[in-house]
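Sequences and hints are given; from them, build the entire structure.
Counting in full-length UniProt numbering, the sequence shown runs from 1 upward without gaps.
Derived from the structure by calculation, the hints contain no laboratory data. Be careful, since some hints might not be right.
Claimed, not checked - Straight-line Cα separation of at most 20 angstroms, DMTMM-like style, residue types lysine to aspartate or glutamate; simulated pairs:
#1 K176 - E412
#2 K46 - D182
#3 K172 - D50
#4 K103 - D50
#5 K46 - D184
Keep in mind the model is a prediction, meaning the values are calculated, not measured.
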Amino acid sequence: MCSRISNYHSVLCVIGGIIIQCTYGYFYTIGNMAPYILDYFQYHNKSIYDNSIMWLTSVALGMEALAMPIGGALYRKLGIRAVVIISSLIHSGGITLSYYTLKLGFIPLLITYGVMQGFGFGFGYSATIAASIAWFQNNRGLIVGLIVGGFGAGPIIFTSIQTTYINPNNIKIDDKTKRFVDADLLNRVPSVFLLIGGVLLVIQITGLYLMRDKQKKAIVLLTNHDFKDPDKSHEFPPVINSVNLRPLELLKQKEFYFLWIIIFCAGIPLTSLATLFKLFGKTHINDDRFLAIMGVVAAVFNSVGRAFWGAISDRISFKVPLCIIFLCWSLLLTSFPHLPLIFGPQIKVGFGIWLCGLYLLISGVLVYAPTATETLFGPINMAVNYGLVFNAFVFGGLFVSLLSILIPQFHEWDNLFYLCAAMCILALLIVPWIHDRKMPKYFSLFRFYRQSHS
Numbered sequence: 001m002c003s004r005i006s007n008y009h010s011v012l013c014v015i016g017g018i019i020i021q022c023t024y025g026y027f028y029t030i031g032n033m034a035p036y037i038l039d040y041f042q043y044h045n046k047s048i049y050d051n052s053i054m055w056l057t058s059v060a061l062g063m064e065a066l067a068m069p070i071g072g073a074l075y076r077k078l079g080i081r082a083v084v085i086i087s088s089l090i091h092s093g094g095i096t097l098s099y100y101t102l103k104l105g106f107i108p109l110l111i112t113y114g115v116m117q118g119f120g121f122g123f124g125y126s127a128t129i130a131a132s133i134a135w136f137q138n139n140r141g142l143i144v145g146l147i148v149g150g151f152g153a154g155p156i157i158f159t160s161i162q163t164t165y166i167n168p169n170n171i172k173i174d175d176k177t178k179r180f181v182d183a184d185l186l187n188r189v190p191s192v193f194l195l196i197g198g199v200l201l202v203i204q205i206t207g208l209y210l211m212r213d214k215q216k217k218a219i220v221l222l223t224n225h226d227f228k229d230p231d232k233s234h235e236f237p238p239v240i241n242s243v244n245l246r247p248l249e250l251l252k253q254k255e256f257y258f259l260w261i262i263i264f265c266a267g268i269p270l271t272s273l274a275t276l277f278k279l280f281g282k283t284h285i286n287d288d289r290f291l292a293i294m295g296v297v298a299a300v301f302n303s304v305g306r307a308f309w310g311a312i313s314d315r316i317s318f319k320v321p322l323c324i325i326f327l328c329w330s331l332l333l334t335s336f337p338h339l340p341l342i343f344g345p346q347i348k349v350g351f352g353i354w355l356c357g358l359y360l361l362i363s364g365v366l367v368y369a370p371t372a373t374e375t376l377f378g379p380i381n382m383a384v385n386y387g388l389v390f391n392a393f394v395f396g397g398l399f400v401s402l403l404s405i406l407i408p409q410f411h412e413w414d415n416l417f418y419l420c421a422a423m424c425i426l427a428l429l430i431v432p433w434i435h436d437r438k439m440p441k442y443f444s445l446f447r448f449y450r451q452s453h454s
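This is the structure in structure tokens:
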């Protein structure tokens, strides 16, 4: 009977984690909102450089990295529900307040839509992952994939709400300026934040009700039972007791710095694509509804891809898939700005294929970042340790945001995407040097050296 109740709670916790992460995934709609926000400022004589919109993404990622170890530490003391309550109030509150700050200017908007939103979902991000995998010790990769798949699914819901509310009649951009100039459309931009903020809070309350912590007593009993029955020793992977590094110990490991540089490199194309895909698309495709639909379809690939990559991780770990991801990512990014030449009148087809492929690869990076952290440094301090690793995304985002302002050449799409591709190649060169203890022996080609943790 206790086993059935435990299984019931474990499934509900994962479902709750997926729901909460889905609301956090609203973050990925910045690419859909970017043209509306920029054109709103332009219409009200508060114009900014188009690439400046990347600051919303990079600042949100920065606050996520800051909040993640704080939320992870409080999760171990207060439990998952307390963390989710704090996270949800800050997250949905920041988006709701953007109704007011958008009217004031870009810097006030940066505070609510960047700082508050990022801190809000960062506070609960790693905690929801840790709380969910605690129930499923044998399938960590799959559970991580499912949970963060919820994050990737967020744009599927919220992109549709945004575009349907702001541009229900699919009004075209001006052919000369490549901007929206319709007054009614632009005046609906602020109020969409009120709508989204309310929807987010309702969904977050639902997820909060489903999530719960696995009792430590239950874990100890299961582990003791496992020792008493040698035939069931395979049910708990040896990684549980082999490596469990504290944050200060983490900083002494070479793998931490290798992984950090890899994530830094990935943060550059991630920030660029998440923020600018629609701005790039509308320079060649004057169809807002199509671009919004492609944003939704790409989000499906992002979401489903996370479960796909997570399942692969359970079989062959993270190292080999990461090499494949960065190789393919570099090829797609190099050719992305040349789609008009490749596809000509069929640019919509090419844009859709490339965008879905790019987001499928993004989903893999976002699965293998926490998976690699847990594999290399252990599950016990995973919530805090992943916060330290994740801040590499932040510096990558800040780096490309600064470049786009300081160096005029990066205002051109070709140069920006070439930079992103170069970062993927650099990451590809570093991945083989990481010691992946769970990688099968038949992938020895990817073993550049061996190392054992003390």
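Verification of the supplied hints:
1. Taking the CA atoms of K176 and E412, the gap is near 18 angstroms; set against the 20 angstroms cutoff, the hint holds.
2. The suggested pairing of K46 with D182 holds, with an alpha-carbon distance near 16 angstroms, which does not exceed 20 angstroms.
3. About 19 angstroms separates the Cα atoms of K172 and D50, which keeps this hinted pair within 20 angstroms; it holds.
4. For the suggested pair K103 and D50, the alpha carbons sit about 18 angstroms apart, so the restraint of at most 20 angstroms is met.
5. Our distance criterion of 20 angstroms between C-alpha atoms is met by K46 and D184, whose separation comes to about 18 angstroms.
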